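Protein chains: 2
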Amino acid sequence: MNFADYMKEQKGRIDSRLKTLLQTDVPQFSQLYKAMNYSLLAGGKRIRPILLLATLEALGKDSEPYIDLACALECVHSYSLIHDDLPAMDDDDLRRGKPTNHVVFGEGTAILAGDGLLTYAFELMAAQTHIDAAKLARCIAIFAHAAGPAGMVGGQAFDLASEGNTSIGREGLELLHYSKTGIIFKAAIELAAVLGDAGEAQKKALDTYAFYMGLTFQITDDILDVVGDEASLGKPVGSDAKNDKATYVTIFSLDEARRMAEEAAEKATAAVEPLGPKAWFLRDLVSYMLVRTK
Amino acid sequence: MNFADYMKEQKGRIDSRLKTLLQTDVPQFSQLYKAMNYSLLAGGKRIRPILLLATLEALGKDSEPYIDLACALECVHSYSLIHDDLPAMDDDDLRRGKPTNHVVFGEGTAILAGDGLLTYAFELMAAQTHIDAAKLARCIAIFAHAAGPAGMVGGQAFDLASEGNTSIGREGLELLHYSKTGIIFKAAIELAAVLGDAGEAQKKALDTYAFYMGLTFQITDDILDVVGDEASLGKPVGSDAKNDKATYVTIFSLDEARRMAEEAAEKATAAVEPLGPKAWFLRDLVSYMLVRTK
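Going line by line, the protein sequences match chains L and U.
Here the first sequence stands for residues 1 to 294, where the numbers follow full-length UniProt numbering.
Here the second sequence stands for residues 1 to 294, where the numbers follow full-length UniProt numbering.
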């Protein structure tokens with residue numbers, strides 16, 4: 001199977017499952033569920049859940065039993081976007097070509113939709129009783145750590161505090177990106193390593209891959225904000241420059257950022273070489289990141 | 001031991017442990033941690049964690065191994081207060097006699113402090129590797145369900161939507177209170193039942209207790225908003241009437257609400273009679289609710 005077909009097939013599996021998850025028969029809660037589903041089902045590349053499933057497959061495992069865990073990762077991603085877009089945060093009106101959650105449902109409901117998606121993700125994870133309970137608890141601990149104050153929430157707080165401050169430097173920028181995004185990619189892959197009984201060498205390979213894959217994603221994300229097409233991206237371009245955000249492009253240069261992305265992609269690819277042919281998708285994913293337009 | 005001493009001792013155990021939990025050595029995250037600790041360590045009765053510990057003791061178990069689980073419950077409670085107080089929600093400036101989180105740290109950081117506490121709670125729960133993993137996963141699923149969109153978040157969304165609408169009726173009011181507060185009390189007790197290997201009869205008794213105890217709490221809370229003393233409560237009284245909120249006092253009357261609270265307290269007390277002397281605290285707790293001033 002080629003890369004595009006694989007992405008499409010996995011995204012299809014995830015989207016189908018996501019559609020069935022958040023339902024309520026309590027009329028007083030229906031607006032909240034509408035708001036959660038509005039953002040959760042608004043599309044998106046589904047990279048985090050696909051990473052979990054693809055890494056399991058790279059380890060020679062059947063990914064089918066883990067589809068709900070993958071969906072839980074997407075619920076957390078969706079919550080983070082809703083909260084990031086709020087007026088008190090990045091104040092964005094457009095996401096994936098659609099009005100953001102608070103624009104449609106109001107700020108209060110948008111905050112609650114985020115809270116609801118985040119909490120539901122842990123309910124969904126913990127309910128996977130067909131998975132070995134010790135492994136499941138470990139997965140929840142890893143993922144909550146990555147998404148929590150020491151990870152993604154910390155990164156967003158740092159981002160909020162450093163807006164308009166382009167002097168955070170390379171170290172600051174790397175911390176920002178790693179904690180906002182990279183750590184979640186890494187957690188998705190680590191979950192697969194736990195569930196797929198990866199050996200020590202495999203774990204180490206996947207860890208290195210995760211780090212450089214995340215870096216590739218971030219640098220290319222910063223590049224897209226400068227050279228991307230608003231229609232493909234579904235969000236305004238140039239917003240980083242407008243908001244005086246430190247990015248790989250503003251701190252270095254467009255050319256240098258491109259070079260750094262290529263270098264990170266090479267390191268990611270090399271890391272999973274030992275995993276053999278089954279890991280083809282992980283390698284193709286970083287190549288795709290270098291050429292993606294959205 | 002008498003009721004007041006027991007509450008004080010348990011609160012002391014919980015407060016000591018809470019103080020040690022949220023620490024960071026990442027300077028860029030320190031403001032977020034400060035904001036989380038500001039609310040988490042601002043006092044409060046610690047009823048939810050005490051309920052978990054006391055129910056375990058009522059079942060004849062040592063509560064010591066479960067102190068971190070109890071703290072996780074308080075982290076979730078603290079997050080819910082931070083988000084409830086936000087301008088887009090109840091817009092409260094004062095909580096427990098201190099300026100609310102967003103007043104001190106700004107709205108963006110307050111939203112993230114809530115997100116951080118919520119996510120951290122699940123990390124802390126999942127990290128309790130000394131607890132049987134299957135029981136732990138069950139506890140996480142129960143608690144996330146209670147705190148999530150089908151429970152507390154749903155209740156808050158309903159509350160937000162029904163502000164200024166006193167016509168939600170008794171049924172609406174009961175749904176509101178049960179989902180905002182009662183379901184969390186019930187979950188704390190259910191967790192203890194799971195961890196303490198409660199038998200079927202014990203489980204049923206505790207379930208009934210939890211329902212009526214939660215109801216007693218809610219009705220007395222509504223009464224306190226009318227007759228309470230601002231200094232003891234640490235928050236303005238009369239805010240329900242000001243916000244046109246449906247409460248047990250506005251829908252019924254002060255006298256009728258008092259009668260209803262007493263009836264609920266009696267039912268709660270009777271439910272745990274079969275648990276014997278060890279369950280003394282659970283019985284005293286509902287008596288205390290009837291006379292509490294804060």
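Hints listed in this document are in silico derivations from the structure and should not be mistaken for laboratory results.
Predicted, not measured: the structure shown is a model, and the values here were computed from it.
Keep in mind that a hint or two might mislead.
Cut-off 25 angstroms, straight-line C-alpha distance, at most; resulting in silico cross-link-like pairs (SDA-like, lysine to any residue) [what the hints assert, rightly or not]:
{"#": "1", "chain 1": "U", "residue 1": "K45", "chain 2": "U", "residue 2": "K267"}
{"#": "2", "chain 1": "U", "residue 1": "K135", "chain 2": "L", "residue 2": "P277"}
{"#": "3", "chain 1": "L", "residue 1": "K204", "chain 2": "L", "residue 2": "G106"}
{"#": "4", "chain 1": "L", "residue 1": "K135", "chain 2": "U", "residue 2": "V194"}
{"#": "5", "chain 1": "L", "residue 1": "K135", "chain 2": "U", "residue 2": "I131"}
Query raised in the report: Which hints, by number, does the structure contradict?
Result: Violated hints: 2 and 3; rest satisfied.
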